[in-house]
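Colleague: As given, the protein sequences belong to chains G and C, one line each in that order. Note that the working numbering has the first sequence beginning at 1, numbered continuously upward. Note that the working numbering has the second sequence beginning at 1, numbered continuously upward.
No lab work stands behind these hints, which were simulated from the structure alone. Worth double-checking, as some hints may not be accurate.
[Stated by the list, open to error] Pair by pair, the computed Cβ-Cβ distance ranges are: (1) Q170(C) with T167(G): 22 to 32 Å; (2) A277(G) with V192(C): 22 to 32 Å; (3) V195(C) with L32(G): 25 to 35 Å; (4) I75(C) with K289(G): 37 to 47 Å; (5) V249(G) with V72(C): 29 to 39 Å; (6) V128(C) with A195(G): 44 to 54 Å.
None of the values given here were measured: they were computed from a predicted structure. Built from N, CA and C at the ideal position, the CB exists for glycine as well.
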Amino acid sequence: MTSQPAMASERTGETSGPPETHVRHAFWKYPLIAAAILVVIVVVALVAGSPNWPRDSIATVAKQDPGGSVLAFTQELDGTSSSWGNTGEVNSRPDQLFVLGPLTAYEPLLGAPVSAAVAMYEQASDAQRQAWASAYDDALGTITPEGSGGGMEGAASPDYSKVGTLTGDFGPVPALTAASLQLAQGGYLQMYLTALRPGHSLHLTTIWLYDEPAMLNTAVDQGLTDDQWGMMKERGFAVGPWYLALPAVIHVLLPGGATGIGFTLWNLGFALLFLFAVPLVPGLRGLPKRLRLYRLVYRYPLRDERVTPYPGAGEEAR
Amino acid sequence: MDGNMTVSGSATDQDSYKARVAEHGRLRSLLESFAYSGPYRAMFKRAAPFYAESYWYCMGGITFLMFVYLTVSGILLAWLGPFWWLTDPVGQFLKATHYWSAQAFFFFLVLHLVRVWATGSYRGRRWVNWLIGGTTLLLALGENLFGLLARGDWESQFVSMHSDNMLFIQPFFLNLFKPGDFTTDLAIHVAVIPVVMFGLILAHLTLVRLQGIARPL
Ligand code: HEM
Chain G
1 MTSQPAMASE RTGETSGPPE THVRHAFWKY PLIAAAILVV IVVVALVAGS
51 PNWPRDSIAT VAKQDPGGSV LAFTQELDGT SSSWGNTGEV NSRPDQLFVL
101 GPLTAYEPLL GAPVSAAVAM YEQASDAQRQ AWASAYDDAL GTITPEGSGG
151 GMEGAASPDY SKVGTLTGDF GPVPALTAAS LQLAQGGYLQ MYLTALRPGH
201 SLHLTTIWLY DEPAMLNTAV DQGLTDDQWG MMKERGFAVG PWYLALPAVI
251 HVLLPGGATG IGFTLWNLGF ALLFLFAVPL VPGLRGLPKR LRLYRLVYRY
301 PLRDERVTPY PGAGEEAR
Chain C
1 MDGNMTVSGS ATDQDSYKAR VAEHGRLRSL LESFAYSGPY RAMFKRAAPF
51 YAESYWYCMG GITFLMFVYL TVSGILLAWL GPFWWLTDPV GQFLKATHYW
101 SAQAFFFFLV LHLVRVWATG SYRGRRWVNW LIGGTTLLLA LGENLFGLLA
151 RGDWESQFVS MHSDNMLFIQ PFFLNLFKPG DFTTDLAIHV AVIPVVMFGL
201 ILAHLTLVRL QGIARPL
């Protein structure tokens, strides 16, 4: 509720509001504030830098975590890898893309036994392939340490030293995953994937790295997963995106917020409240007036300060 | 209200450097001279209400300044490329200033939001500008996500797949986004969202000019 018109006159002192007289604006503060802020940014940038953790490559991850890599290839074959949940990005079948395609392409390098394994797998029925791969997946589970992941999403890697001891009806699957591991460790798999989509060369590599448990496990160690408030954190860096606090609260604390649909709907709801309810709904709209926080914002004249009106001002403001 | 209320003459004379030195002293007049020159003259107009002469009312302007710096440093970074910004010391420094000015952008944006809200400056037709500002804020959060994905380091790899698995496979996103694809992320961060934000900020500032500063609560 505004009462009187804006008069370019001396303050009357009868209201509690600040003078509405137009004065020359404090433009002179801007260059000073701007310079000060830029200096602070440069100093902080020099001292603290910014988050910059080197990318993973398929070769380094496959060498550090061969057991997890074998698991990733197996799950790409049996349809349970993370990439199978996201075929929209993969744009093809992960078993073809990450296992059978590269093995076929590098056949001359890998030798006859691997060619034979690929041929055997490709000639088998869908049900047979699924049975082999699932059996191997289950067997890998028996040599995987329990609970090493920590967070609710952590996945542990099988113990690679025991992979050779597994027995069961796996068909050619162990041969396929072993050869794939060889390609991965040698850098061939990443080279193959990079060449597959010119112009989007990092794409498939990243998708494969997420099939490997190592990436998620690293994230768990660094406290970056959702249940660890990872949305507001950066790896190896103290300051994260604090301004994502509200989405993070939604994600961690609100019912259904951890699911994609729930998260989106909650965010949409809060956005609509913020855009429409806060400034329009009667009870909410008037809140600032009742809270009187504006008294900390407006400039009021100092004791004995004279407010000199700006000539000609007033016609341009309401 | 008509002008010429004091004996000292027209508004233009009042704006002259000499007149300003007489009123506020040399240092302040020098510092503010940019506001009376070229493009700024029209942008700021000439006067502000007394109650708005507080630092709180500078927060929108500082946010804008941060946006300008983000744009300039961002164009340079995109120009010289990820290898440069991840490995070259100068590149890393520029990247760090980009990071910290983004932090500052959100910091001052929040202060601006607090001041607009606390003074109820969204009343009446100014609600439209609240809507424009608020939309800019939401877009800025999206810009932040795609900036993270376009950084090209480990965090980009992890967050791209992680956000993808949760968010972008949802049917209502129609597979429009492929966060695992660095090229797409970079294009969205550099060429799509900032352009829309720039248009919205321009509209925001134009409306502030047209509507003037809201009267006190
Ligand atoms: C990139 C983001 C933004 C920029 C650069 C920006 C810039 C500005 C500037 C320079 C002003 C002039 C007065 C002042 O600085 O206090 C202003 C006023 C205003 N802003 Fe923003 N703003 C942004 C975001 C927002 C947001 C998120 C909101 C609210 C949801 C908002 C709502 C308003 C309103 C309602 C006014 C008019 C205030 C009045 O008449 O007193 N702005 N903005």
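Colleague: Determine for every hint whether it applies to the structure shown.
Modeller: Comparing the hints with the structure gives:
no., hint, verdict
1, Q170(C) with T167(G): 22 to 32 Å, "violated (42 Å)"
2, A277(G) with V192(C): 22 to 32 Å, "holds (29 Å)"
3, V195(C) with L32(G): 25 to 35 Å, "holds (31 Å)"
4, I75(C) with K289(G): 37 to 47 Å, "holds (43 Å)"
5, V249(G) with V72(C): 29 to 39 Å, "holds (34 Å)"
6, V128(C) with A195(G): 44 to 54 Å, "holds (51 Å)"
Violated hints amount to a single one, hint 1; each of the other numbered hints is respected by the structure.
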